[in-house]
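> Spelled out from the first residue to the last, the chains are:
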Amino acid sequence: MEMINLTIDKKPVVVKEGTTILEAAAEIGIKVPTLCHMKLHDMGIENKPGGCRVCVVEVEGRRNLAPSCVTKVEEGMVISTSSIRALNARRTVTELILSDHPADCLTCAKSGECELQDLAQELGIREIHYKGEQSQYREDTSPAIIRDVNKCVMCRRCEMMCNEVQTVGVLSAVNRGFDAVVAPAFEMNLDHSVCTYCGQCVAVCPTAALTEVDHTGAVIRALSDPSKTVIVQTAPAVRAALGEEFNMEAGNLVTGKMVSALRQLGFDYIFDTDFAADLTIMEEGTELLNRLSKHLNGDKDVKLPILTSCCPAWVKFFEHQFPDMKEIPSTARSPQQMFGAIAKNYFTEKINVKREDLVVVSIMPCVAKKYESARDEFAHEGNPDVDYAITTRELASLIKLANIEFKSLPEEDFDQPLGESTGAGVIFGATGGVIEAAVRTAYEVYTGKGLEKVDFEELRGMEGIREATIDFDGLDLRIGIAHGLGNARKLLEDIRSGKSNFHAIEIMSCPGGCIGGGGQPYHHGDASVIRKRMEAIYREDANKTIRKSHENPYILKLYEEFLGEPMSEKAHHLLHTAYFDRSNKIES
Amino acid sequence: MTTSHYQLKRVDLIFKNENDWKQILSRSLKRDQTDIVNSLISSELKGRGGAGFPTGLKWKLTAEQEADTRYIICNADEGEPGTFKDREILSQVPLKVLTAMAVCGYVIGATEGFIYLRGEYKFLEKPLNNAIKEFENYCNDIGFHFSIKIFMGSGAYICGEETALMESMEGHRGEPRNKPPYPTNNGYLGKPTVVNNVETLVHTYTIFKYGAKKFKDLGVQYSRGTKLFSISGDTPIPGIYELELGMSLQDFVDEFGDGDTKAVQVGGASGFLVPRKRFAETIIGYKGKLTGISLPTGGSMMLFNSSRSMFNVLNNYLDFFQEESCGQCTPCRVGCQQLLKGIHAVKRGEKHASYLKKLIKLSETMEYTAKCGLGQSVANSFSSIVENFWEEMVF
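In order, the protein sequence lines correspond to chains A and B.
Going left to right, the first sequence walks through residues 783 to 1370 as the numbering used here numbers them.
Going left to right, the second sequence walks through residues 157 to 551 as the numbering used here numbers them.
In isolation and in its complexed conformation, chain A is listed as follows (with noise of 0.2 Å):
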């Protein structure tokens, strides 16, 4: 690779041919106003329409000035980040966005937390000096996300995750000139598109052009409500990312001190979506040797392989992409509904309270899920199995109103019956994590053997799709596994044109998996938070006694006291689902 030498603010820097002016200067610890720009590295994640023009700079010899995002170092080139012209250009361009937004900073739900904000901060704007016009366009509420659009900047980040990461293909530029905005074809609402929810396009935004629906007010109310018993569930890959907001360091496992927060809130009981977790590894994993031993008893109705089906964004992307393939994934539903089911009626008996009585809120990492708890076929007379579910950002929210110091409070444990979990249960919110606890279950139950060692590296890591061959004594059990619904796409197009010869394949709509959800703490467009985030679920999950579902005790005595066995009538009517044909349909 050729090398190139060129002058930064007077200061020289080599670097590799092909980098970037920005990230040129990056290297000589320069840093140039951003805003539409954003790199996620090593998950080949990368907007840079050299849009917004904010990190303009001044190149000599060139007439106007040079996107740095965009431009291309040349050999020789001299370059002034801060020059008059430059600075002028970057305020100019700033001002002329504010001209366009909102100043409702105060009351707005990004406040704190808006890139936006920050850079007129970092550049110190006191005054916008084009006032003009401001758009005005409708707010699109769906049963997960709120578009505001008038905070739309056209940075095109959620469009890049949405239709180059997702292949969901719904949010798109539209309109031209002052007019242009991103949004779903013909300027519909999300809920009449085929959006799955998966919250990406939140997750990138710099403003407040798309939030979650926030729940929060509505659980303060069942909180408040004596006649109530509220109980609580916490998805794990909320407890790896939930310090962030109180800012500690990403990777800070913080399970006891988000119970104790969970306590003082004044939820009932604190429960697990690990024990949910390991109830769905009984679930599927025996779905999967079901199917598996049909298979090879030579039963070619058999489908495989088996898809798992945890992830809600996911369920409702194959039901819409690809409808003729619902037969395959699991029938397992997700734990968060597993465990809305189990608490409402299970666990209603156990504590002798009526369902209309009992309120299930779940703490998730995820914005889709507040739209899976509203699915209709989640609900008993119009009853959902779980009432609320909100995001890691909304319990962060809660928890300051609340007047909790999070980060000195005490550890404290989940309550039982419904709060054990094992190593299995935790690594469901890292790619790769179901497939690995599926795994662990399914080895020892088909085998008969015990496993000598549960950790399974070749499931583990960040690469898009990954695939791994785990020999079940002397059966090459083939999986396969997809983060990010655009390499879940090419996973599935392999099925249906019959290329794929996996048994069991593991399907996230993050990229990298829960732990990469929508509705976690920003990211900000730093990717090594994801990272930090994936090695604490696997230190909980090495840190725990019991790592495999099957040896859950309460699992156990669920299954004892309630259910039955995996796969019984019971455990179908409660545990299980099914998919629909979404693809004709245009929901509202």
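Some hints here could point you the wrong way.
No more than 20 Å apart at the CA atoms, straight line, and that leaves these computed lysine to any residue pairs for SDA-like [to be verified]: (1) Lys517/B with Arg873/A; (2) Lys798/A with Pro337/B; (3) Lys517/B with Arg845/A; (4) Lys507/B with Ile910/A; (5) Lys913/A with Ser510/B; (6) Lys913/A with Val550/B; (7) Lys517/B with Arg867/A; (8) Lys517/B with Ile907/A; (9) Lys913/A with Ala509/B; (10) Lys335/B with Glu828/A; (11) Lys443/B with Arg845/A; (12) Lys335/B with Lys792/A; (13) Lys335/B with Glu856/A; (14) Lys1108/A with His1358/A; (15) Lys830/A with His328/B; (16) Lys514/B with Arg867/A; (17) Lys443/B with Gly843/A; (18) Lys913/A with Arg504/B; (19) Lys1136/A with Ser1006/A; (20) Lys792/A with Ala808/A; (21) Lys513/B with Arg867/A; (22) Lys913/A with Asn471/B; (23) Lys854/A with Tyr338/B; (24) Lys335/B with Lys913/A; (25) Lys913/A with Asp475/B; (26) Lys813/A with Arg873/A; (27) Lys513/B with Ile910/A; (28) Lys913/A with Asn296/B; (29) Lys335/B with Ile910/A; (30) Lys178/B with Asn296/B; (31) Lys913/A with Lys517/B; (32) Lys517/B with His1358/A; (33) Lys854/A with Gln221/B; (34) Lys517/B with Asn846/A.
These are calculated hints, taken from the structure and not from any lab test.
Given the coordinates of chain A, work out where chain B should sit on it, guided by the hints.
Here is chain B on its own, set in the frame of chain A:
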């Protein structure tokens, strides 16, 4: 220099149809490619779409790129307000354009050419396709493999910008790309591509036919050859005229004006407004080392007499820009709108007249921050109108 040495010279090369395209094509295909490029370079022909890039050099750069496929695209998305010459070329002498495209294909190694036809020129699609059929048949007969397809635009001004044009052809939203890379390296479908304006191609035909010298003998230094002008506005004789480049605007107005011309907009909405006091010192041609002001133009010449409000003229242009901006870059998307709202605020007295100075500064910032020629050239008409007709903006 305040007076012009150049008289207005009408020429008739472009529309003169001697139906000799078969000879020109066959003759050109027998020439060495480098020879053709060199003669184009020596003719000093510059792009007639308005930007004025040397055509021979463009062909040379494209031919030199390592690639398995290259393309030639004829830009017929004629959208600049006040321009209507390409329509007439394609109506009257389409085979000259097709021949030039084929010769370009021969020179750069392209076997496929495209005509990106302005959506509003739908009525030209059928006759053009007939011409293409006739042309391709002849190519077949002489064993030259070259095909031409028409790609219909959908009415977006921005798609006349060459990279937005290619995005549009690729099925994407018509938005300009960041440059570099230029189309000569990375064009349609990522392949080296020549994008030439319709008129530019016809001029190459003239050069193939008569040789570079005859072309170069026309016009003046830095601005060789002839140019088609679309003349409109307050003139008794609107229409399309082929004139030698290098005329003074005074001579132009003397010939085409109605005796009361107060200003001429040279180059359409994205061009400059020249007030009467500068007619004599303004030369119509490409920027060069000539003293005086040289103004290039894609051919649009709009004359305004004293009955016209320059505020309305500017309002009209800004309205056009704010609607036709693709909207991807901030300076253009928001800048055009705030300029438009700004002049109205001043006119209504809601802002002090000095706000216009701020707006001029804004338009200048747009000039060096906007992504493409659209946003970059708004300052041309904005500052030239506001500075020269300040009173009309305020009162």
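> The structure should be examined with respect to each hint, and the outcome stated for every one.
Comparing the hints with the structure gives:
With a C-alpha separation of about 13 Å, the suggested pairing of Lys517/B with Arg873/A holds against the 20 Å cut-off. Taking the CA atoms of Lys798/A and Pro337/B, the gap is about 18 Å. The hint holds against a cut of 20 Å. About 17 Å separates the Cα atoms of Lys517/B and Arg845/A, which keeps this hinted pair within 20 Å; it holds. A distance of roughly 14 Å separates the Cα atoms of Lys507/B and Ile910/A; the hinted pair therefore holds under the 20 Å criterion.
Taking the CA atoms of Lys913/A and Ser510/B, the gap is near 15 Å; set against the 20 Å cutoff, the hint holds. Taking the CA atoms of Lys913/A and Val550/B, the gap is about 18 Å. The hint holds against a cut of 20 Å. The hinted pair formed by Lys517/B and Arg867/A meets the criterion: a straight-line CA distance of about 12 Å does not exceed 20 Å. For a cut-off of 20 Å, the pair hint linking Lys517/B to Ile907/A stands: about 17 Å separates their Cα positions.
Among the hinted pairs, Lys913/A with Ala509/B is consistent with the structure: their alpha-carbon atoms are about 15 Å apart, no more than 20 Å. Note on Lys335/B and Glu828/A: the hinted pairing holds, with a Cα-Cα distance of about 18 Å set against a maximum of 20 Å. For the suggested pair Lys443/B and Arg845/A, the alpha carbons sit about 14 Å apart, so the restraint of at most 20 Å is met. Simply put, Lys335/B and Lys792/A have alpha-carbon atoms about 25 Å apart, too far for the 20 Å limit, and the pair is violated.
At most 20 Å may separate the alpha-carbon atoms for a hinted pair to count; Lys335/B and Glu856/A meet this at roughly 14 Å. In summary, the hint linking Lys1108/A to His1358/A is supported, as the alpha carbons are separated by about 14 Å, within the 20 Å threshold. Our distance criterion of 20 Å between C-alpha atoms is met by Lys830/A and His328/B, whose separation comes to about 17 Å. At most 20 Å may separate the alpha-carbon atoms for a hinted pair to count; Lys514/B and Arg867/A meet this at roughly 15 Å.
Using a Cα cut-off of 20 Å, the hinted pair Lys443/B and Gly843/A holds, with the two alpha carbons roughly 18 Å apart. Proposed proximity of Lys913/A and Arg504/B is supported: the alpha carbons are some 15 Å apart, at most 20 Å. The suggested pairing of Lys1136/A with Ser1006/A holds, with an alpha-carbon distance near 18 Å, which does not exceed 20 Å. A C-alpha spacing of about 14 Å is found between Lys792/A and Ala808/A, which places the hinted pair at or below 20 Å, so the restraint holds.
Taking the CA atoms of Lys513/B and Arg867/A, the gap is near 17 Å; set against the 20 Å cutoff, the hint holds. Between Lys913/A and Asn471/B the alpha-carbon distance is near 17 Å, which keeps this suggested pair within the 20 Å criterion. This hinted pair checks out: Lys854/A and Tyr338/B have alpha carbons roughly 13 Å apart, not beyond 20 Å. Annotation: proposed proximity of Lys335/B to Lys913/A is violated, straight-line Cα distance about 30 Å (limit 20 Å).
Restraint check for Lys913/A and Asp475/B: satisfied, since their Cα atoms lie roughly 17 Å apart, inside the 20 Å limit. This hinted pair checks out: Lys813/A and Arg873/A have alpha carbons roughly 16 Å apart, not beyond 20 Å. As the CA atoms of Lys513/B and Ile910/A are separated by approximately 15 Å, the hinted pair is consistent with the 20 Å bound. This hinted pair does not check out: Lys913/A and Asn296/B have alpha carbons roughly 61 Å apart, beyond 20 Å.
The hinted pair formed by Lys335/B and Ile910/A fails the criterion: a straight-line CA distance of about 30 Å is larger than 20 Å. Of the supplied pair hints, the one linking Lys178/B and Asn296/B holds, its CA atoms being roughly 12 Å apart against a limit of 20 Å. The hinted pair formed by Lys913/A and Lys517/B meets the criterion: a straight-line CA distance of about 14 Å does not exceed 20 Å. At most 20 Å may separate the alpha-carbon atoms for a hinted pair to count; Lys517/B and His1358/A exceed this at roughly 65 Å.
Simply put, Lys854/A and Gln221/B have alpha-carbon atoms about 19 Å apart, close enough for the 20 Å limit, and the pair holds. Of the pairs offered as hints, the one joining Lys517/B and Asn846/A holds, with about 15 Å between alpha carbons and a cut-off of 20 Å not exceeded.
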